[in-house]
Amino acid sequence: EPEVTQTPSHQVTQMGQEVILRCVPISNHLYFYWYRQILGQKVEFLVSFYNNEISEKSEIFDDQFSVERPDGSNFTLKIRSTKLEDSAMYFCASSVGTGHQPQHFGDGTRLSIL
Amino acid sequence: RKEVEQDPGPFNVPEGATVAFNCTYSNSASQSFFWYRQDCRKEPKLLMSVYSSGNEDGRFTAQLNRASQYISLLIRDSKLSDSATYLCAAGASGSARQLTFGSGTQLTVLP
Numbered sequence: 121e122p123e124v125t126q127t128p129s130h131q132v133t134q135m136g137q138e139v140i141l142r143c144v145p146i147s148n149h150l151y152f153y154w155y156r157q158i159l160g161q162k163v164e165f166l167v168s169f170y171n172n173e174i175s176e177k178s179e180i181f182d183d184q185f186s187v188e189r190p191d192g193s194n195f196t197l198k199i200r201s202t203k204l205e206d207s208a209m210y211f212c213a214s215s216v217g218t219g220h221q222p223q224h225f226g227d228g229t230r231l232s233i234l
Numbered sequence: 011r012k013e014v015e016q017d018p019g020p021f022n023v024p025e026g027a028t029v030a031f032n033c034t035y036s037n038s039a040s041q042s043f044f045w046y047r048q049d050c051r052k053e054p055k056l057l058m059s060v061y062s063s064g065n066e067d068g069r070f071t072a073q074l075n076r077a078s079q080y081i082s083l084l085i086r087d088s089k090l091s092d093s094a095t096y097l098c099a100a101g102a103s104g105s106a107r108q109l110t111f112g113s114g115t116q117l118t119v120l121p
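Protein chains in written order, with the working numbering: chain A, 121 to 234; chain B, 11 to 121.
Quick caveat, the hints were computed from the structure, so don't treat them as lab data.
Given the structure is predicted, the values throughout are model-derived calculations rather than measurements.
Among the hints, a few may not be true.
To be verified - Simulated crosslink set (DSSO-like; lysine-lysine; CA at most 27 Å straight-line):
| id | chain 1 | residue 1 | chain 2 | residue 2 |
| --- | --- | --- | --- | --- |
| 1 | B | 89 | A | 203 |
| 2 | A | 177 | A | 162 |
| 3 | B | 89 | A | 177 |
| 4 | B | 52 | B | 89 |
| 5 | A | 162 | A | 203 |
| 6 | A | 177 | A | 198 |
| 7 | A | 198 | A | 162 |
| 8 | A | 203 | B | 52 |
| 9 | B | 52 | A | 162 |
| 10 | B | 55 | A | 177 |
| 11 | A | 162 | B | 55 |
| 12 | A | 203 | A | 177 |
| 13 | A | 198 | B | 52 |
| 14 | B | 55 | B | 89 |
| 15 | A | 198 | B | 89 |
Stated by the list, open to error - Example chain A residues on the side facing chain B (calculated, C-beta under 7 Å, incomplete):
| id | residue |
| --- | --- |
| 16 | 136 |
| 17 | 160 |
| 18 | 165 |
| 19 | 172 |
| 20 | 176 |
| 21 | 180 |
| 22 | 184 |
| 23 | 225 |
Just so it is clear, CB atoms sit at the ideal spot from N, CA and C, and this is done for glycine as well.
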């Protein structure tokens, strides 16, 4: 069964540094998403991406964050000037469409900011 | 505020039991609904979509009540492997249907 793959599985970074989290969505999917889950808390939506542009973003997704799909395969989340509170699991998801089309999640990147 | 609320549990049930989870959503514009399961420190894995007419997949049955704005998940003949956290998610109308997740209901099936 096709999967969403994410790298790295664990990223440890000093506060203030930039990180890039990578995702390869399922190949025939057109919609891409980033979510995060702080330990012990809910899965929270960050951003959705379609047709090479952001479709929706949450209030969490401020100027510190950016997404791109530079080569038609990888879908990346960049976090500039990381803060301690950015420590979380970051999940990428993709779906073939919207509406009743479900989103399928990658196994996540655990980001630890020191 | 768009919220999805779940009873956090934990639900501890013996093998073979039937267990039901409910989830309420506050955004009446929500159009699509899903149940995911999440094992400890893992990704949400799609369990099933929830349709207006209700739907069943093996031991799992999902129902949607739009008037009362809740969805439910019934697990029959529970197995040890069903132990996980069950997340409900609602997608609002819009271009890309971001999902709003509940905080999850923890289920432990005991031998």
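These are the hints, each one checked on the structure:
{"no.": "1", "hint": "89(B) / 203(A)", "result": "violated (41 Å)"}
{"no.": "2", "hint": "177(A) / 162(A)", "result": "holds (17 Å)"}
{"no.": "3", "hint": "89(B) / 177(A)", "result": "violated (38 Å)"}
{"no.": "4", "hint": "52(B) / 89(B)", "result": "holds (19 Å)"}
{"no.": "5", "hint": "162(A) / 203(A)", "result": "holds (19 Å)"}
{"no.": "6", "hint": "177(A) / 198(A)", "result": "holds (14 Å)"}
{"no.": "7", "hint": "198(A) / 162(A)", "result": "holds (21 Å)"}
{"no.": "8", "hint": "203(A) / 52(B)", "result": "holds (23 Å)"}
{"no.": "9", "hint": "52(B) / 162(A)", "result": "holds (13 Å)"}
{"no.": "10", "hint": "55(B) / 177(A)", "result": "holds (22 Å)"}
{"no.": "11", "hint": "162(A) / 55(B)", "result": "holds (15 Å)"}
{"no.": "12", "hint": "203(A) / 177(A)", "result": "holds (20 Å)"}
{"no.": "13", "hint": "198(A) / 52(B)", "result": "holds (22 Å)"}
{"no.": "14", "hint": "55(B) / 89(B)", "result": "holds (17 Å)"}
{"no.": "15", "hint": "198(A) / 89(B)", "result": "violated (41 Å)"}
{"no.": "16", "hint": "136", "result": "violated (26 Å)"}
{"no.": "17", "hint": "160", "result": "violated (9 Å)"}
{"no.": "18", "hint": "165", "result": "holds (4 Å)"}
{"no.": "19", "hint": "172", "result": "violated (13 Å)"}
{"no.": "20", "hint": "176", "result": "holds (5 Å)"}
{"no.": "21", "hint": "180", "result": "violated (12 Å)"}
{"no.": "22", "hint": "184", "result": "violated (19 Å)"}
{"no.": "23", "hint": "225", "result": "holds (4 Å)"}
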